[in-house]
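> Sequence:
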Amino acid sequence: MATFGDNPDAVLGVVLAGGKSVRLGRDKAAEIFSGQNLLGRTVGLLSRVVPGVVVSGRDPSVLGIDAPWLPDAVSGKGPAGGILTALETYGRPILAVSCDLPFLDEHTLVRLLEARNRRRPEVLLTTYRRTDSGYIESLVAIYEPAGAPLLRRAIEAGVNRLFSVFTENLRHHLDYDPDDTLAAKPFFNINFPRDLVRAREMEWVS
17 MATFGDNPDA VLGVVLAGGK SVRLGRDKAA EIFSGQNLLG RTVGLLSRVV
67 PGVVVSGRDP SVLGIDAPWL PDAVSGKGPA GGILTALETY GRPILAVSCD
117 LPFLDEHTLV RLLEARNRRR PEVLLTTYRR TDSGYIESLV AIYEPAGAPL
167 LRRAIEAGVN RLFSVFTENL RHHLDYDPDD TLAAKPFFNI NFPRDLVRAR
217 EMEWVS
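Reminder that position 102 of the sequence shown reads as 118 in this note's numbering, one-by-one numbering, no gaps.
It cannot be assumed that every hint is accurate.
Quick list of in silico lysine to any residue cross-link-like pairs, SDA-like style, CA-CA up to 20 Å [as the list claims (entries may be wrong)]:
| id | residue 1 | residue 2 |
| --- | --- | --- |
| 1 | Lys201 | Leu190 |
| 2 | Lys201 | His123 |
| 3 | Lys201 | Ile48 |
| 4 | Lys201 | Met218 |
| 5 | Lys201 | Arg145 |
| 6 | Lys93 | Ile152 |
| 7 | Lys201 | Gly150 |
| 8 | Lys93 | Asp43 |
| 9 | Lys93 | Glu172 |
| 10 | Lys201 | Leu212 |
| 11 | Lys93 | Ala164 |
| 12 | Lys201 | Val213 |
| 13 | Lys201 | Ala164 |
Restraint-style ranges between C-beta atoms, simulated for each label pair [said to hold, decoys possible]:
| id | residue 1 | residue 2 | range |
| --- | --- | --- | --- |
| 14 | Leu198 | Gly174 | 36 to 42 Å |
| 15 | Ala162 | Pro67 | 30 to 36 Å |
| 16 | Ser50 | Ala89 | 30 to 36 Å |
| 17 | Gly51 | Val175 | 36 to 42 Å |
| 18 | Arg136 | Glu104 | 20 to 26 Å |
| 19 | Thr147 | Arg168 | 30 to 36 Å |
| 20 | Tyr151 | His123 | 36 to 42 Å |
| 21 | Glu217 | Tyr151 | 20 to 26 Å |
| 22 | Leu129 | Pro165 | 32 to 38 Å |
| 23 | Asp191 | Arg64 | 20 to 26 Å |
| 24 | Gly92 | Leu166 | 18 to 24 Å |
Quick caveat, the hints were computed from the structure, so don't treat them as lab data. Idealized CB from N, CA, C, for every residue including glycine.
Construct all of the structure, not just a fragment, from the sequences and the given hints.
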């Protein structure tokens, strides 16, 4: 279990690693980038910006990662299930990050943590948002524990899409331009074989 002393507002890092990689056809968390598998890279990245990190959805020791494991208490609900489990288990804010982001960096996460400190009192989700479409990066985001009941009700009603659960009035955004290569690169994720090919190309020129 992660430890945080007496600070109830300390943010817990949660690596979302419960996906089955069906679209990719192989385990994305095991893909090697910069000498590390993606799961280990994400755990290491989070550990540099928050005081504790857990892996949601799968046992990280299978990939040689020494980190606490938090099995999903709500199965079959995708990332929403892992996020709800973490919020209800720890009762503190969580920085939730998917494990399929090979170019996510420390600066992007630090900016997010700083933005959270400027949120309005009613905000339950701090995240990045594309300026062209309004799409939010719900898997690079900070969720507040006060949002757990709302998320549970939504899941029980069959609503698992996080942008639908946490509507705009409940969010604090950091906007980015997807046409700005440097700004958009941290959010490049691997879902399909073509994404993996592209990520390898991007790795060589980074």
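> Confirm or reject each hint.
Hint check results:
Restraint check: the Cα-Cα separation between Lys201 and Leu190 comes to about 15 Å, which is no more than 20 Å; the hinted pair holds. Proposed proximity of Lys201 and His123 is supported: the alpha carbons are some 12 Å apart, at most 20 Å. The straight-line distance between the Cα atoms of Lys201 and Ile48 is roughly 18 Å, inside the 20 Å bound, and the hint therefore holds. The straight-line distance between the Cα atoms of Lys201 and Met218 is roughly 9 Å, inside the 20 Å bound, and the hint therefore holds.
The hinted pair formed by Lys201 and Arg145 meets the criterion: a straight-line CA distance of about 14 Å does not exceed 20 Å. With a CA separation close to 19 Å, the supplied pair Lys93 and Ile152 stays within the 20 Å bound. With a CA separation close to 17 Å, the supplied pair Lys201 and Gly150 stays within the 20 Å bound. At most 20 Å may separate the alpha-carbon atoms for a hinted pair to count; Lys93 and Asp43 meet this at roughly 19 Å.
Between Lys93 and Glu172 the alpha-carbon distance is near 10 Å, which keeps this suggested pair within the 20 Å criterion. Of the pairs offered as hints, the one joining Lys201 and Leu212 holds, with about 14 Å between alpha carbons and a cut-off of 20 Å not exceeded. A distance of roughly 15 Å separates the Cα atoms of Lys93 and Ala164; the hinted pair therefore holds under the 20 Å criterion. Between the alpha carbons of Lys201 and Val213 the distance comes to roughly 15 Å, so the proposed pair stays at or under 20 Å and holds.
With a CA separation close to 30 Å, the supplied pair Lys201 and Ala164 exceeds the 20 Å bound. For Leu198 and Gly174, the Cβ-Cβ distance of about 38 Å falls inside the hinted range of 36 to 42 Å, so the restraint holds. Remark: the range hint 30 to 36 Å for Ala162 to Pro67 is contradicted by a beta-carbon distance near 20 Å. Taking 30 to 36 Å as the suggested C-beta distance range, the pair Ser50 and Ala89 conforms, at roughly 33 Å.
For the pair Gly51 and Val175, the supplied restraint of 36 to 42 Å holds, since their beta-carbon distance comes to about 40 Å. A beta carbon spacing of about 24 Å between Arg136 and Glu104 agrees with the range 20 to 26 Å that was offered as a hint. With their beta carbons about 32 Å apart, Thr147 and Arg168 fall inside the hinted range of 30 to 36 Å. At about 21 Å, the CB distance of Tyr151 to His123 disagrees with the hint of 36 to 42 Å.
Taking the beta carbon of each, Glu217 and Tyr151 are about 23 Å apart, inside 20 to 26 Å as hinted. For the pair Leu129 and Pro165, the beta carbons lie near 24 Å from each other, so the given range of 32 to 38 Å is not met. Taking 20 to 26 Å as the suggested C-beta distance range, the pair Asp191 and Arg64 conforms, at roughly 25 Å. In this structure the supplied range 18 to 24 Å holds for Gly92 paired with Leu166, their Cβ-Cβ distance being about 20 Å.
Violated hints, listed in ascending order, are 13, 15, 20, 22; each of the other numbered hints is respected by the structure.
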